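Visitor: Listed below, chain by chain, are the residues.
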Amino acid sequence: MKVTILQFPGTNCEYDTEHAFKALGADTEIVWHKAESIPADTNLLVVAGGFSYGDYLRSGAIAKFSPVMKAVSTYAENGGKVLGICNGFQVLTEAGLLPGALKRNDGLHFISKHHTLKVINNDNIFLEKLNKGDVVNIPIAHHDGNYFIDEDGLKDLYANNQVLLTYSDENGDVKNPNGSVDSIAGVCNKNKNVFGLMPHPERAMESILGSDDGIKMLEGFLKA
Amino acid sequence: MIKAIVNVSLKMGVLDSQGKAVHHALDSLNFSGVNDVRVGKQIILKLDTDDKSKAMSDVEKMCEDLLANTVIEDYEIELV
Chain A
15 MKVTILQFPG TNCEYDTEHA FKALGADTEI VWHKAESIPA DTNLLVVAGG
65 FSYGDYLRSG AIAKFSPVMK AVSTYAENGG KVLGICNGFQ VLTEAGLLPG
115 ALKRNDGLHF ISKHHTLKVI NNDNIFLEKL NKGDVVNIPI AHHDGNYFID
165 EDGLKDLYAN NQVLLTYSDE NGDVKNPNGS VDSIAGVCNK NKNVFGLMPH
215 PERAMESILG SDDGIKMLEG FLKA
Chain B
6 MIKAIVNVSL KMGVLDSQGK AVHHALDSLN FSGVNDVRVG KQIILKLDTD
56 DKSKAMSDVE KMCEDLLANT VIEDYEIELV
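So the sequences go chain by chain: A and B.
Taken in order, the first sequence gives residues 15 to 238; the numbers are from my numbering.
Taken in order, the second sequence gives residues 6 to 85; the numbers are from my numbering.
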């Protein structure tokens, strides 16, 4: 199992992500954004969190034109599995690989704290180790995490089971920290091979650090 | 040389939290009679051409590709 992790100028979660996947037994490689291809043996491509290009213009807007992104699109079109975490989610929406967009949080504050999430759909490789309705405790850390999609787009998401996770309270009831449409925290594409979420499962790998619920999420990718 | 002024703002119907906060601040400063506030950004480009229609089509392409995210934003282009 080989996990390739992308690194843009301003990415800052690549080593946490590497540590998390190594702890689960995967081989990892960090690839600089100037690369024009990704390693051929890649089983999972992760666009890690951070502040690519300082979030200038819009979060993820400039990263989408980095040389490596052409290879990412090709990889995804050929069915390769792609996971975008936080800034990675923003990059994937900007690149058109995931529907919707991430806006400034409604409260205008940067939010950094543990938050509970509810599993909405698990018929995908990312969340298949969890059950629908499960509540997981995963840290969030973002300024632009306010997910937006228009009404038609939202209908499509539900029709295809593309809504993965919503922000909730500990009982799974609605609790929306940032103004996201329907409290959406993570989505996937129609083909269910490109995943994006604002919360950081790679930061929830050890209970002594607050939560190990991230293991069940990232493990889903490792069965291959 | 043509100067292009691009104004990018959130689409109507997309909640503009910054605009709302500014509106609230104006209210608390007793500036009454403000019905709505929208906050956007302005991008000023100096273009190496004198051909207005070329400038317009170039800048439109720039907006579609990079300067605006048309999922949530509208843009207006002014050439001077």
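Bear in mind the hints are in silico, worked out from the structure with no lab data behind them.
If you're wondering where the values come from, they're calculated on a predicted model, not measured in any experiment.
We put the CB at the ideal spot given by N, CA and C, even for glycine.
Don't take every hint at face value.
Here are the in silico distance ranges between beta carbons for each label pair [to be verified]:
#: 1; chain 1: A; residue 1: Glu50; chain 2: B; residue 2: Ser58; range: 30 to 40 angstroms
#: 2; chain 1: B; residue 1: Leu50; chain 2: A; residue 2: Asp170; range: 33 to 43 angstroms
#: 3; chain 1: B; residue 1: Glu65; chain 2: A; residue 2: Leu223; range: 40 to 50 angstroms
#: 4; chain 1: A; residue 1: Asp137; chain 2: B; residue 2: Ser33; range: 30 to 40 angstroms
#: 5; chain 1: A; residue 1: Glu220; chain 2: B; residue 2: Val42; range: 15 to 25 angstroms
#: 6; chain 1: A; residue 1: Leu223; chain 2: B; residue 2: Ile49; range: 20 to 30 angstroms
#: 7; chain 1: B; residue 1: Asp32; chain 2: A; residue 2: Ser126; range: 28 to 38 angstroms
#: 8; chain 1: A; residue 1: Asp183; chain 2: B; residue 2: Asp53; range: 33 to 43 angstroms
#: 9; chain 1: B; residue 1: Met17; chain 2: A; residue 2: Leu122; range: 11 to 21 angstroms
#: 10; chain 1: A; residue 1: Glu91; chain 2: B; residue 2: Lys66; range: 39 to 49 angstroms
#: 11; chain 1: B; residue 1: Lys66; chain 2: A; residue 2: Met15; range: 37 to 47 angstroms
#: 12; chain 1: B; residue 1: Glu83; chain 2: A; residue 2: Glu220; range: 47 to 57 angstroms
#: 13; chain 1: B; residue 1: Glu81; chain 2: A; residue 2: Glu91; range: 56 to 66 angstroms
Visitor: Hint by hint, say whether it matches the structure.
Guide: How the hints compare with the structure:
1. A:Glu50 with B:Ser58: 30 to 40 angstroms: 35 angstroms, holds
2. B:Leu50 with A:Asp170: 33 to 43 angstroms: Given range 33 to 43 angstroms: holds, Cβ gap about 35 angstroms.
3. B:Glu65 with A:Leu223: 40 to 50 angstroms: Taking Cβ atoms as reference, Glu65 of chain B and Leu223 of chain A lie about 49 angstroms apart, which means the hint holds.
4. A:Asp137 with B:Ser33: 30 to 40 angstroms: 49 angstroms, violated
5. A:Glu220 with B:Val42: 15 to 25 angstroms: 45 angstroms, violated
6. A:Leu223 with B:Ile49: 20 to 30 angstroms: 46 angstroms, violated
7. B:Asp32 with A:Ser126: 28 to 38 angstroms: Cβ of Asp32 of chain B to Cβ of Ser126 of chain A: about 30 angstroms, so the range 28 to 38 angstroms holds.
8. A:Asp183 with B:Asp53: 33 to 43 angstroms: The hint (33 to 43 angstroms, Cβ to Cβ) is violated, given that Asp183 of chain A and Asp53 of chain B are roughly 56 angstroms apart.
9. B:Met17 with A:Leu122: 11 to 21 angstroms: 20 angstroms, holds
10. A:Glu91 with B:Lys66: 39 to 49 angstroms: Since Glu91 of chain A and Lys66 of chain B have Cβ atoms about 23 angstroms apart, the given range 39 to 49 angstroms is violated.
11. B:Lys66 with A:Met15: 37 to 47 angstroms: 41 angstroms, holds
12. B:Glu83 with A:Glu220: 47 to 57 angstroms: Holds, at about 54 angstroms.
13. B:Glu81 with A:Glu91: 56 to 66 angstroms: This hint is violated: roughly 34 angstroms between Cβ atoms.
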